[in-house]
Amino acid sequence: MPTPRLSRLELRIMETLWAKGPSSIRELQEAFPEEGRPAYTTVQTVVYRLEFKKAVRRTEKISNAYVFEAVVSRSSAQHRLIDELVSLFGGKSLPIVTHLIDSGKLNAEEVREARKALWSATRKEKNK
Numbered sequence: 007m008p009t010p011r012l013s014r015l016e017l018r019i020m021e022t023l024w025a026k027g028p029s030s031i032r033e034l035q036e037a038f039p040e041e042g043r044p045a046y047t048t049v050q051t052v053v054y055r056l057e058f059k060k061a062v063r064r065t066e067k068i069s070n071a072y073v074f075e076a077v078v079s080r081s082s083a084q085h086r087l088i089d090e091l092v093s094l095f096g097g098k099s100l101p102i103v104t105h106l107i108d109s110g111k112l113n114a115e116e117v118r119e120a121r122k123a124l125w126s127a128t129r130k131e132k133n134k
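According to my numbering, the sequence shown is numbered sequentially starting from 7.
Calculated from the structure, these hints are not laboratory results.
Mixed in with the good hints there might be a few duds.
[Unchecked claim] Pairs of lysine to aspartate or glutamate residues, derived as EDC-like cross-links and limited to a Cα-Cα distance of at most 16 Å, are as follows:
#1 59 - 75
#2 59 - 16
#3 26 - 75
Computed from a prediction, not measured in an experiment: that's the story for all the values here.
Sequences and hints are given; from them, build the entire structure.
This is how it looks when you write it as structure tokens:
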């Protein structure tokens, strides 16, 4: 099953689940900074949408509160977002990479890792 498209708020809730593990709706709501924290019912609605999208599932019920866990991995969600971003650039990733380098958003270690990945991909292409 493909990774579902996630909104900003859905991603924020997923980040909490990835970081903290299974959580109740109250715990997810309280993970937001107090300033600008969404209402409990808002978080509940978003979690139920995530459940419908099969991004989260109920693991247990404690008293009258359900506990939810992530079904979609962080890596899978990141790949989906990157693929969507690249598609916005007509399938060309060079403008994105160039911007990351020019803006200083890639540090030296990340550039080294990118070079390794590029070198490895090039070798695989040659061996085909």
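Okay, the hints, checked on the actual structure:
{"no.": "1", "hint": "59 - 75", "result": "13 Å, holds"}
{"no.": "2", "hint": "59 - 16", "result": "11 Å, holds"}
{"no.": "3", "hint": "26 - 75", "result": "10 Å, holds"}
Taken one by one, the earlier hints all hold for this structure without exception.
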